[in-house]
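Enquirer: Sequence:
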Amino acid sequence: MMEWMSRAPFSLSPQDRRWVEETFRSLSLEEKVGQVFVLLCDELSEEKMQYVLGLKPGGIHRFPNGVSWETLASSAVFLQEHSRVPLLLTGDLEFSFFAVRIGDEGSEFQTQMGVAASSDPLRDVERMARIAAREGRALGYNVTFSPVVDINYNFRSTITGARTFGSDADMVRRLSEVYVRVLQEEGMGACAKHWPGDGVDDRDQHLVTSCNSLSRDVWDASYGEVYRGVIQAGVQSIMSAHICAPALVDGPDRFVPASLSGDLTITFLRERLGFNGVVISDATPMAGFASQGKREDLLPRALDAGCDIILFSEDPEEDVQIVLDAVKSRRVAPERLDEAVLRILAWKAALGLHRVEDWSSHVRGLMEEARASREEHARWAEECFASSITLVKHENDILPISPQRYRRVLLLESRPPEVFGPSGFTPFKDYLEQEGFWVTRMEADVLPDPDLYDLAIYLLDHYTFMSEGRASIPWAELHGGAFRSMWRFWDDIPTVMISLSSPYFLFEAPTVGTYVNVYSPAEVGLKVLVDLLMGRREFRGRNPVDPFCGMEDVRVSCGG
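Mapping of the sequence shown onto the UniProt record's numbering: position 24 corresponds to residue 24, and the numbering continues sequentially without gaps.
Each hint should be verified, as a subset may be incorrect.
As the list claims (entries may be wrong) - 25 Å max Cα-Cα, derived BS3-like pairs, lysine-lysine:
1) K527 to K429
2) K328 to K294
3) K56 to K328
Claimed, not checked - Each pair of labels, with its calculated beta carbon distance range:
4) S6 to D202: 58 to 68 Å
5) S11 to S361: 25 to 35 Å
6) A221 to D491: 38 to 48 Å
7) K294 to R379: 50 to 60 Å
8) Q50 to S361: 20 to 30 Å
9) G54 to P285: 12 to 22 Å
10) E186 to R25: 30 to 40 Å
11) Q50 to S119: 42 to 52 Å
12) G535 to S6: 52 to 62 Å
Treat the hints as calculated values from the structure; they're not laboratory data. Computed from a prediction, not measured in an experiment: that's the story for all the values here. The C-beta atom is built at its ideal place from N, Cα and C for all residues, glycine as well.
Construct the complete structure from the given sequences, taking the supplied hints into account.
Expert: Rendered as structure tokens:
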């Protein structure tokens, strides 16, 4: 009756299946309801962890940004030791703005788009997955919400950016398959996101329900091929997003997002594409979900629509009660709850969580192995950045730079949004000064005078996250005031524009003559960047998207 557990992506042995069935039979209704929640624990104090554990969730999500390895490891041990059923400990280990490294000791690496830009992308995506798995597991993570398998079809798409493998569907499919295979070989559960596919709409599902508006044929030849690829590769989970895909749905519910659409998640993903793993909703506090109705209606709808796991909650006690009441009143069929819980338990068994006898020894052993690999991981990261940083435009012979040619440098650097706490400038200025450049940071009392500066460098580390509708060059911040935002001085001062985030900033600066995409603010990448700018290395990166945004005026430099 439960032969599906023996099939991919679980492939459970009879012994593993027995554990699933016995554990399932031991759960009370309240414990079953708890299993379908992955809750955020944003503070790793014992008090906060005990509170979250008291809700008996199936999983707990931790953000690793700036957190010590010791804290992450010890919190993982505490959480697992105090949970009767082993937990899914999840994180967004994607080397994007969520975290360029996993914890304070973690290895930096390129973003997914940077990997796609590499002259050897298959080598680098395998290394990316190995680092995420090795270092993530060393800190108690057993699931990462990656890879991002979206496609950058629309350069105005606000949330995809450098998080994807680019705009070529075949490249996205190939790299995603390798990522999933290697990650799961290393013992880390993968989650492909964001079903049915982001990167088409301008809008961000954090702020509004967005839409994949491709025709069925075009979707099938692009996103469809990507999802068939990762399913064939054995991906254990897929994140159902707050994105609709009207061409894939017949009937009046064409504009219902996947997280609430049985047509998309059950009929299309499970039945048509044959996905047998776990379906996770994207974060339910997001406006793309929350704007669809009252929460007491939405959570039962998400389960009925095929989501096995409800991700995040602003009031977890209330949300658990909502689902419990819905099951008791049969607004959610008990059979549907049972199906979701069995899949979650099967995933835990596939990850081998039930076989860990001593969590402290288990995590400490993995940490020792990860620490022993850090030198190798650092070398991999440097090689990836050296292969991927892309010289998009160079029409005025500014490069290579040196203190002899351009002693006095004006640096115009933006800071990233303060998503996970205060943000600061990168060490790029220090790296230039170590080479002998005299660097002045642009401020309100500084003027871009060609008699005072030999070279101007824009360093853009600006991306959208949850609160902005569009990634745009922050001219006022860079130039020191709203009226100054209109200044363009690259006809007077030789100028290099460098993006550490969006690959599309040329759209707003088409006449700048020299433009570089780094794809990431990681410090190892900045060091490689200095070598490239000074001619000690050759640029080898390729364009994984069209950095000219399909605009001929952007492609052809008019100034500089």
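Enquirer: For which of the previously enumerated hints does the structure constitute a violation, in increasing order of number?
Expert: Per hint list: single violation, 4.
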